[in-house]
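S.K.: The lines below spell out each chain.
There are 2 protein chains.
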Amino acid sequence: MIDKLKYYLRINTDIDELQLERIGRYFQYRKVKRDTILLFAGEVCKELYVVSIGCVRTYYLTQQGHEKTRHIGFEGSVVTSISSFISQQPSFEFVGTLEDSELYTISHKHFYQLSIEIPEWEKCYTNFLEMVYIHQNRKIEMLVTLSARQRYEKLLNEQPFYIQRLSNKHLASYLDMREETLSRVKSK
Amino acid sequence: MIDKLKYYLRINTDIDELQLERIGRYFQYRKVKRDTILLFAGEVCKELYVVSIGCVRTYYLTQQGHEKTRHIGFEGSVVTSISSFISQQPSFEFVGTLEDSELYTISHKHFYQLSIEIPEWEKCYTNFLEMVYIHQNRKIEMLVTLSARQRYEKLLNEQPFYIQRLSNKHLASYLDMREETLSRVKSK
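Protein chains in written order, with the working numbering: chain A, 1 to 188; chain B, 1 to 188.
Treat the hints loosely; a few may be bogus.
No copy labels: a pair is met if it fits in one copy or bridges any two.
Unchecked claim - Simulated pairs of lysine to aspartate or glutamate, EDC-like, Cα-Cα distance not exceeding 20 angstroms:
no., residue 1, residue 2
1, 188, 158
2, 6, 47
3, 68, 141
4, 169, 99
5, 68, 176
6, 169, 102
7, 31, 130
8, 123, 14
9, 46, 122
10, 139, 176
11, 109, 179
12, 139, 67
Please keep in mind that the hints were generated in silico from the structure rather than gathered at the bench. Predicted model, so just to flag it, every value in this text is computed and none were measured.
Isolated chain A, as found in the complex (with noise of 0.2 angstroms):
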């Protein structure tokens, strides 16, 4: 179960056979339902996911009580908390899948646990942090400089499978902007 993850580390880093092996002995492979919360905001973030099928979601409530997405991680995406993750603090977002989804996780402890084992871990690790800031930072770029049409647009040349896999109501939330807009924009 367990080799898909090990797929998706030797096409993305330089980590040998013998640590490959080390690290997977770390996950644990788990079946999740849609629907399900994996984390409630309040809560402090231990486990970090890697998604093997399905679709996980990290989100939070504004004041007025809106749901806001901050990511939708399909196959081979890494999703958690980051920030609580990172702090052990309480979070603020909550975590959950949107499908039927099975995951690899990783709980805190043993993931900075592989930091100190592994060097290569370390490097993955540094990357993913800087993978993480230019998504967040490309994400505010352009719910400033661009309309909800040309969002949606964006979306649609660069990663159509959001709009094929997302209900309309996450995908909404996903591009920030109403469900009614977000149909308006598609039907032209």
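Fit chain B to the supplied structure of chain A, relying on the hints for placement.
M.R.: Using the frame of chain A, we list chain B on its own:
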């Protein structure tokens, strides 16, 4: 002139004196007048700054031409257009001084060279990435969950020097509120 940089690194890291000497050689000392733009949006960010004296901020313009301030760094802070510095793609942000400043600057090339030469530097970099991600996330959380007045009060309690040192214009931009709102909140 590099003594203060070494001091910051000495109190925040485990880097030894020999390595500090090596790191110091890669940094340049630079005096910059207030209101100087160090990086324009659209340029690739090739430098990172450690603030010795003064104040440097990163900000971007909305479609309506409003300035939004992402980060303000006072003495001891690290400031750069992080996404652009990492990806070496054009920056979405401006970087500029708000006060007459003295900076330690390091080039992108030398920064990553240090990561290869000095393992502890790589560790510093990872800690820096963790910190900026958490900082960015807390800022989003604050914007979403607190009213303008609550945001001002939080800053007044936790980091009063922001309020003492920044003009109303920059403070309002940092707290993501109109200047008129800030004046109203301050007067109460």
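S.K.: None of the hints should be skipped; say for each whether it holds.
M.R.: Going through the hints against the structure:
In the homo-oligomer, the alpha carbons of residue 188 and residue 158 lie at most 20 angstroms apart inside one protomer (18 angstroms), although the nearest pairing across protomers, at 49 angstroms, exceeds that limit. With identical chains, the CA atoms of residue 6 and residue 47 are at most 20 angstroms apart within one copy only, with a shortest distance of 18 angstroms there and 36 angstroms across copies. Proximity of residue 68 and residue 141 under a CA criterion of 20 angstroms is satisfied in both settings, with 16 angstroms inside one chain copy and 11 angstroms between copies. With identical chains, the CA atoms of residue 169 and residue 99 are at most 20 angstroms apart within one copy only, with a shortest distance of 14 angstroms there and 46 angstroms across copies.
Both within a single protomer and between protomers do residue 68 and residue 176 lie at most 20 angstroms apart by alpha-carbon distance, with minima of 7 angstroms and 18 angstroms respectively. Taking the shortest alpha-carbon separations for residue 169 and residue 102, neither the intra-copy value of 23 angstroms nor the inter-copy value of 49 angstroms comes in at or below 20 angstroms. Taking the shortest alpha-carbon separations for residue 31 and residue 130, neither the intra-copy value of 29 angstroms nor the inter-copy value of 29 angstroms comes in at or below 20 angstroms. In this homomeric assembly, residue 123 and residue 14 come within 20 angstroms of each other (Cα to Cα) both inside a single copy, at 10 angstroms, and across copies, at 19 angstroms.
In the homo-oligomer, the alpha carbons of residue 46 and residue 122 lie at most 20 angstroms apart inside one protomer (18 angstroms), although the nearest pairing across protomers, at 25 angstroms, exceeds that limit. Taking the closest pair of Cα atoms, residue 139 and residue 176 come within 20 angstroms of each other both inside a single copy (10 angstroms) and across two copies (18 angstroms). In this assembly of identical chains, the alpha carbons of residue 109 and residue 179 never lie at most 20 angstroms apart, being 40 angstroms within a copy and 45 angstroms across copies at closest. In this homomeric assembly, residue 139 and residue 67 come within 20 angstroms of each other (Cα to Cα) both inside a single copy, at 16 angstroms, and across copies, at 17 angstroms.
The structure is inconsistent with the numbered hints 6, 7 and 11, although it conforms to all the rest.
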